[in-house]
Amino acid sequence: MKRFIEQLDLKITPLVAYGLVALGIIVGGLLLGQLSSAVQQVKAEAQLAQSDLATLHEIQKTDVWADRLAQSIEARNTTEQTIWSGLTYGVISAGLQQELNKIGQDSGLTALKITINPIADDVDGLQVMQFTYRGMASDWASIIDLLSEIAEQPRTIILTELSFSKPRSRPALFRAAGLIPIQIEPASEPASSGGGT
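First residue of the sequence shown? That's 37 in my numbering, and the numbers climb one at a time after it.
Source of the hints: derived by calculation from the structure; they are not laboratory data.
Some hints could be false.
Using 27 Å as the maximum straight-line C-alpha spacing, the simulated DSSO-like pairs for lysine-lysine come out as follows [what the hints assert, rightly or not]:
| # | residue 1 | residue 2 |
| --- | --- | --- |
| 1 | K138 | K202 |
| 2 | K138 | K149 |
| 3 | K202 | K149 |
On a predicted model such as this, the values are computed, not experimentally measured, just so you know.
With the hints as constraints, model all of the structure from the sequences given.
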């Protein structure tokens, strides 16, 4: 081994030795730079993972998902209660006609005429039925009462057109057009009798 070192010593000039040292320093510097950037990347990933873990622990403590589910169910139930529903379009039409008659009579309107289109339209995935409504009112207070009653209904009634006319010394004519959101309920299966053969 000593002989090898001596041979190596003889063949290396000082300029080559300086070059090898400089090359070693450059390679070492590059390796340290790559190592440093790799360490920084791993450190950043660890901090991100730690932040995500802290967020998950915080969410787990608050049980936010159960609360959100309960809120969603409550919102769905509230919305479903505002939709007019029935087994057929005729059942829904009859219910709307009865409700509008009652509202009109309670508000003091006379000569009520209600026309309901029995064919439902589709508006953004929701079925709606259109109707027209007219009647005579002795004064403006009756019309205001009617509009208040319609607005306070638990099931949605949307008025799309309104018109009033009050000829001299005659009752005011009230005309409205509107729509209601509907949902056809599936018919329930009759219970089968337990008789066997």
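Comparing the hints with the structure gives:
no.: 1; hint: K138 to K202; in the structure: holds (23 Å)
no.: 2; hint: K138 to K149; in the structure: holds (12 Å)
no.: 3; hint: K202 to K149; in the structure: holds (18 Å)
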